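J.: Using the sequences provided together with the hints, build the complete structure.
Residue strings, one per chain:
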Amino acid sequence: MFKWIHRFGSAPFVYRFAGALAPWIGFVCLAILLSGLYLGLIVAPEDYEQGESYRIIYVHVPAAILSMFVYVVMAVASAVFLIWRLKLADIVAQASAPIGASFTFLALATGSLWGKPMWGTWWIWDGRLTSELLLLFLYFGYMALRAAIEHPQSAAKAAAVLALVGVVNIPVIHYSVEWWSTLHQPATITKMGERNIHPSMGIPLGLMIVGFQLLYAYVLLIRMRTGILKRESRASWVAQLPEVNNTMANSKLSGTNRV
Amino acid sequence: MTPKRRQRLILVCLMLVGVGLAATIVLKAFNESISLFRSPSDVVSGIVDQNKQFRLGGMVVENSVQRRSDNLDIKFELTDHANTVAVSFNGILPDLFREGQGIVAMGKLDDAGVFVASEVLAKHDENYMPPEVAEALEKAGKMPGTSANYGIKTLVQP
Chain A
9 MFKWIHRFGS APFVYRFAGA LAPWIGFVCL AILLSGLYLG LIVAPEDYEQ GESYRIIYVH
69 VPAAILSMFV YVVMAVASAV FLIWRLKLAD IVAQASAPIG ASFTFLALAT GSLWGKPMWG
129 TWWIWDGRLT SELLLLFLYF GYMALRAAIE HPQSAAKAAA VLALVGVVNI PVIHYSVEWW
189 STLHQPATIT KMGERNIHPS MGIPLGLMIV GFQLLYAYVL LIRMRTGILK RESRASWVAQ
249 LPEVNNTMAN SKLSGTNRV
Chain B
74 MTPKRRQRLI LVCLMLVGVG LAATIVLKAF NESISLFRSP SDVVSGIVDQ NKQFRLGGMV
134 VENSVQRRSD NLDIKFELTD HANTVAVSFN GILPDLFREG QGIVAMGKLD DAGVFVASEV
194 LAKHDENYMP PEVAEALEKA GKMPGTSANY GIKTLVQP
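Going line by line, the protein sequences match chains A and B. With the first sequence counted from 1, adding 8 to any position gets you this note's numbering. With the second sequence counted from 1, adding 73 to any position gets you this note's numbering.
No wet-lab data here; the hints were simulated from the structure. Any given hint might turn out to be false.
To be verified - Negatives, chain B to chain A, calculated, CB over 12 Å:
1. L82
2. Q126
3. E150
Unchecked claim - Taking beta-carbon pairs under 8 Å as the criterion, some of the chain B residues facing chain A (in silico):
4. R78
5. F127
6. V187
7. A195
8. E199
9. P204
10. A207
11. N222
12. Y223
Being a predicted model, the structure only gives us computed values, none of them experimental. Glycine is no exception: its CB is placed at the ideal position from the N, C-alpha and C atoms.
T.: Written out as structure tokens, the structure reads:
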């Protein structure tokens with residue numbers, strides 16, 4: 009059992025494992041996203057209060073959930089890296105940052121588009137919106153810090169500390185609608201035992217959330233492979249990879265020198 | 074676990090506790106200003122500075138909306154089910170504005186104690202359902218409430 013886990017410390021194994029897993033996840037993700045969109049945008053009934061415009065929930069809520077989920081993954085990976093100095097954990101955190109930032113941006117943009125017709129404003133500085141914007145800046149800060157420090161090991165350590173400090177923002181985002189009075193309404197689906205969304209609308213929403221999770225997993229696996237190749241570019245196992253060999257042979261044939 | 078790793082684990086935990094504590098203290102200190110709006114109870118009890126602009130949030134009282142036929146003037150009452158404040162507004166209301174709906178208004182109290190709003194935003198609740206279901210629940214008197222924070226914690230019927 010432990011031997012199996014230890015293989016995840018080996019870069020070539022993870023590289024191959026991620027490469028084999030990614031297409032399957034991508035395929036299932038596509039199927040779930042398409043069925044979720046079909047059920048949500050076409051089959052689901054309109055809302056009693058918001059009519060057709062509530063349908064942006066099928067992008068907004070999954071994006072918002074993932075914006076926080078990805079950050080938590082990043083923070084946990086950063087802690088693992090800081091404590092055990094596991095290179096793979098740092099690769100996971102680094103690969104996750106731009107994905108999380110994209111989800112956060114998507115949540116903010118769709119929320120703004122939803123806010124104008126329903127609330128009457130594009131933006132308001134309430135607890136929920138402000139803390140979510142802070143999350144976007146945390147992602148930007150993480151990426152900027154990594155890029156600003158030249159020495160890779162110091163960059164990784166500094167960024168990991170930043171990711172850990174920023175994790176306090178996650179409960180603030182989640183509970184902002186309960187702690188303070190906000191324009192944003194409280195959570196629909198996280199409350200236990202209470203059903204705040206009709207199943208005809210809730211099932212497509214659940215599908216979209218799972219679909220977004222898989223999309224994150226898919227993009228993460230691909231980005232991790234790229235991250236591993238970049239870091240191990242001088243290792244002999246990379247030079248022996250068929251895909252790398254072919255590219256090198258091609259560039260030799262065409263006379264270009266790729267370094 | 075090697076002693077070095079254990080040490081780093083403790084360090085990471087201490088850092089999280091420290092940052093969490095600091096954040097809690099800061100947020101507690103700014104509790105008042107982070108809240109987006111004041112409730113009618115806050116206005117009645119006099120916590121709110123009457124000379125400054127502020128946001129007032131609450132439910133529009135049923136049968137309290139008075140419109141005029143010749144202009145956009147509108148008068149209504151806002152409640153948090155403990156106290157009620159009269160509001161006047163001249164302008165275009167969001168589509169979701171209706172009696173029994175939560176709203177947030179920006180404005181100032183006049184000498185008569187009426188809240189003169191310069192902007193009205195609609196707040197919607199966290200319940201989603203088809204119109205037929207809403208109708209059936211309404212008839213049965215089982216419409217779900219909202220857990221939104223309207224100053225005092227009450228389950229407000231939307």
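J.: Hint by hint, say whether it matches the structure.
T.: Hint check:
| no. | hint | in the structure |
| --- | --- | --- |
| 1 | L82 | violated (5 Å) |
| 2 | Q126 | holds (14 Å) |
| 3 | E150 | holds (19 Å) |
| 4 | R78 | holds (6 Å) |
| 5 | F127 | violated (12 Å) |
| 6 | V187 | violated (21 Å) |
| 7 | A195 | holds (6 Å) |
| 8 | E199 | holds (4 Å) |
| 9 | P204 | holds (4 Å) |
| 10 | A207 | holds (3 Å) |
| 11 | N222 | holds (5 Å) |
| 12 | Y223 | holds (7 Å) |
Figure legend: structure checked against the earlier numbered hints; hints not met, in rising order: 1, 5, 6.
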